[in-house]
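S.K.: As they're listed, the protein sequences go chains A and B.
Under the numbering used here, the first sequence has 240 at position 240, and the numbering climbs by one with no breaks.
Under the numbering used here, the second sequence has 1182 at position 182, and the numbering climbs by one with no breaks.
Source of the hints: derived by calculation from the structure; they are not laboratory data.
Treat the hints with care, as some may be off.
Claimed, not checked - Per the computed footprint, the stretches of chain A lying under chain B, defined by three or more beta-carbons under 8 Å from a beta-carbon of chain B, are:
| hint | region |
| --- | --- |
| 1 | 26 to 33 |
| 2 | 62 to 75 |
| 3 | 100 to 113 |
What the hints assert, rightly or not - Distance ranges between label pairs, derived from CB positions:
| hint | chain 1 | residue 1 | chain 2 | residue 2 | range |
| --- | --- | --- | --- | --- | --- |
| 4 | B | Pro1005 | A | His145 | 51 to 61 Å |
| 5 | A | Arg194 | B | Leu1242 | 25 to 35 Å |
| 6 | A | Glu79 | B | Pro1005 | 33 to 43 Å |
Each residue gets a CB set at the ideal place from its N, CA and C atoms; glycine is no exception.
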Amino acid sequence: MSQTNDAFEKSEPVDMDSAVSVRSVSKNYGTVEALRDLSLEFPRGQLTSLLGPSGCGKTTLLKIIAGLLEPTSGEILIEGKKVTGPGADRAFVFQDFALLPWASVIRNVAFGLELRGVAKSEREAIAEKYIKNVGLSGFEKSYPHELSGGMRQRVGLARALSVDSQVLLLDEPFSAVDEQNRRKFQEDMLELVRNENKTFIFVTHSIEEAVYVSDQIAILLPRPSRVSEIIRPTSFRNTDVENIRRSPEYLDIVDQIWASLRNYVE
Amino acid sequence: MINRPLALKLLSAFIVFGAWEIAGRVPVSFAFPTFIESMQALFRLTIEGTIFTAYAETLKPLVVGVSISAFFGIGMGLWVGLSQRFEWLFSPIFIVMQAAPLAALIPILVMAYGIGLTSKVFVVCIMAMPVIVLNTASAVRNTPASIKDMGKSFLATDRDIVLKIVIPAASPVIFSGLRLGISAGFIGAILSELKITPTGVGDIITYSRSIADYPSMYAAIFSIIVLAVLFLNLLERIEDFLFEGNNRGYVSD
């Protein structure tokens, strides 16, 4: 029996190259329908944004993918395997950073590895590397309250990268970060997607941000949430970061998304 | 160069002790000695060794009671805070304990447990435990949901979440409960020595008052306050050492 099962699991990811599949997921809170029969594919090695008005269930969907919430019905497949809870194949970046205030930067970054039982010297070496990657060298011994908002989110990002998961889930990661830092983060995201061979799922409420960083944008509409549109920018993805905001396609997509969302903004 | 907090502390001590000295010299009351007389009495008690034998006696119920309260208080607080079901059962008990007029309960304790160490430990516990339990429980219940989610998403076991997230996150409030509880424990220890049987420091206070040796009485009271302050400072040091990043500068030096 197990051999047949194996064969089935291996045959599963044939449908294009999606790392994460959401299959008719519904989520009810009591009588309130947050998500209804939502299906979505997330291509491997690319960044997909979930974009929509507030209350459209983007964060709910992300938490279901993370295994932090259980769907009422439907299933999530990661590399063909059904999600039953949080797993080593996914790492989460939180909107409010979710750092441990009593732990130094290096311990915060290494915390995911600490929970996996990696030896101290080993996990600190890995953490050191990612602290350098996100540009926080020299702050290893600092505490979160000594850092600015942007730097705190860099710690959160380094923590998610250091566990080396295939899928990175980002819940409005830059919404609590100031504008200039946010732009720097967005440029860094593009580089991360190019260099790390990971699948990124990115929740945001900023149209410009979504269009700027995404390979694929899923527009969610509320009450109950469903995917209304999937947009895949093509022409500006491989140009320089400085030229993206000037590309006609970028501007068109921003306008088009605003046109479809404006009716849903109270 | 003396640093500013230390200078302020010395200044405030000087003002308080100066006011005490002046009030003693006026005198406010025949039964109120001056600061210098009290310190002389304290010195005498120290040279004679009376104060040490007294503390050997007083510290027994205090240390036992405070240890029991801290250990079981934090344990019970964690339990009540972590489970949704037991709050309604235990919270009222501790709220009643906190509000109960302890002096009125002492005769009942004495009837049940006699006049020995047990009753005194009980008094210390009744004073110290409720605030420790209630603070711990509410601190645990108020752990930010997002750092618990963070733990779960990075594959923390339930045990990891309690030990590495909930307890450190609750520690500032747990420690403030410990501080309040331990100060109340000091009050309880002296109260038990005044109300149950005069031993230790309580004996010095009662005896000195009965022979109108007021400087000795105040020396004993002063010594217990100093001991309590030193102990609370030690506790802050421990907290600062254990959870350094939680310190946003409110821990005094």
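S.K.: Now, for every hint given, state plainly whether the structure supports it.
M.R.: Each hint tested on the structure:
| no. | hint | verdict |
| --- | --- | --- |
| 1 | 26 to 33 | violated (count 0) |
| 2 | 62 to 75 | holds (count 4) |
| 3 | 100 to 113 | holds (count 7) |
| 4 | Pro1005(B) with His145(A): 51 to 61 Å | violated, 20 Å |
| 5 | Arg194(A) with Leu1242(B): 25 to 35 Å | violated, 43 Å |
| 6 | Glu79(A) with Pro1005(B): 33 to 43 Å | violated, 58 Å |
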